[in-house]
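Student: Starting from the known structure of chain A, fit chain B onto it as the hints suggest.
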Amino acid sequence: MTCVLFLLCTWLVTSCGDTGAGPAGTPVAGPQPSPKPAFTGLAVPVTIAAPAGPPTPAGAELRNDARSGLRTLTILHTNDTRGYIDPCG
Amino acid sequence: MPKGGVARRATVINGVRASASEPVLLLDAGGTLLGQALADATDGAVIVAAMNAMGYDALTVGQAELQQGLDTLRKRALEASFPILSCNLVIGQDDQPIFDPYAVVLRGGIRFGIIGVSEADMGWLDSLTEVRILDPLASVRRILPEVRAQSDVVILLSHLGLEGDKSLAQAEPRIDIIVGGRTRQILDEPVLVGGTVIVQAGYDGEWLGRLDVALDEQHRISQPLVEIVTLWPEVADDPAMTTLADSYKQRFLSQTPAN
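These protein sequence lines are chains A and B, in that order. Per our numbering: the first sequence = residues 1 to 89. Per our numbering: the second sequence = residues 1 to 259.
Just chain A, same shape as in the assembly (with noise of 0.2 Å):
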């Protein structure tokens, strides 16, 4: 009976604190370690050489950047899609 209390306790403070709480109901664990990011694919993205200049600027500031009077091109692309026309096949 003791250990189910300080198990209940233990979840009700770690739910009520500033560490990422899930919705009502679910069970978070305690603190964590910095968060890696999340892992997306297969490769490890390698820079082998970056061009000199100023930092890449935020998304939001590069797709909007019309001031500078640089014009921003997308260019959108895929690979590899095997024939595949959906999910089934």
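No wet-lab data here; the hints were simulated from the structure. Do not take every clue at face value.
[What the hints assert, rightly or not] Pair ranges (Cβ atoms, derived):
1) B:Glu146 with A:Cys88: 39 to 49 Å
2) B:Gly109 with A:Cys88: 35 to 45 Å
3) B:Asp94 with A:Cys88: 42 to 52 Å
4) A:Cys88 with B:Asp71: 22 to 32 Å
5) B:Arg74 with A:Cys88: 28 to 38 Å
[As the list claims (entries may be wrong)] Some residues of chain B that are not near chain A, with every Cβ distance over 10 Å (derived):
6) Thr72
7) Leu78
8) Gln96
9) Ile133
10) Gln250
Glycine included, every Cβ here is placed at the ideal spot set by N, Cα and C.
Tutor: Same frame as chain A, but now just chain B:
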């Protein structure tokens, strides 16, 4: 839940175009026309039809494009409203290019020179004895001055794979952007080799890559920004694309005997 599909891809593409006030290109780096049931049943025709409907600007030839032979790909090229490119696939004693080595697309007053390059090691070509693959770097270098003279921005549409793209960019710095494929990598950051920006967007149609770059008055690119859009089920299906796909399914799959 399964990701991908041309109907979701069309929705995202249409959304980008609708909100863009600047040029938008749509490119495919190969390995696309064949490989799944409906695509194979139609010899790639359904994929070409879908790419026509989505308004693709160019496709480069990878191994998958030649899976059912050269004549089949030539038929698809006639049906495509976009150029199918390769600067290093040749035929005959005079090494005549089989496809256009490049295309110049004018968009928003900017001339985009798009060069296609195919991988040098295609297993399928064992059965296509009349086709030869020339060295990719030498072929790109040979065509590049002609393309540069007609273009503001030079894009290499490559099926060499990421290592091949990096090697080529190191050897040939006059290329602005490499849109790559073959190694099926999801690059959520651009790979930078000198001044060349390299991108790649996964495989199996589950992602759509987006590269935004700034272009100055001298047509120099900078500030590359990559977004990899995952085509989750939550992305709505474009109705027109769904209708197109369904029409091909009814014609080509409904009569397929059950296994």
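Student: If a hint holds in the structure, say so; if it does not, say that too.
Tutor: So, going through the hints one by one against the coordinates:
1. Taken as a hint, the range 39 to 49 Å holds for the pair B:Glu146 and A:Cys88, whose Cβ atoms sit roughly 44 Å apart.
2. Taken as a hint, the range 35 to 45 Å holds for the pair B:Gly109 and A:Cys88, whose Cβ atoms sit roughly 42 Å apart.
3. At about 46 Å, the CB distance of B:Asp94 to A:Cys88 agrees with the hint of 42 to 52 Å.
4. Separation of A:Cys88 from B:Asp71 is about 29 Å and conforms to the stated range, judged on CB atoms against 22 to 32 Å.
5. Checked against the hint of 28 to 38 Å, the C-beta distance between B:Arg74 and A:Cys88 comes to roughly 30 Å, which is consistent with it.
6. Every Cβ of chain A is farther than 10 Å from the Cβ of B:Thr72; the closest lies at roughly 13 Å, confirming the non-interface assignment.
7. Non-interface call for B:Leu78 relative to chain A: holds, since the shortest CB-CB distance, roughly 19 Å, exceeds 10 Å.
8. With a closest Cβ-Cβ approach of about 27 Å to chain A, B:Gln96 is found to remain outside the 10 Å limit, as its non-interface label requires.
9. Separation of B:Ile133 from chain A is adequate, the least Cβ-Cβ distance of about 18 Å exceeding the 10 Å criterion.
10. Here B:Gln250 stays apart from chain A, with its beta-carbon at least about 13 Å from theirs, past the 10 Å limit.
The structure is consistent with each of the numbered hints, conforming to all of them.
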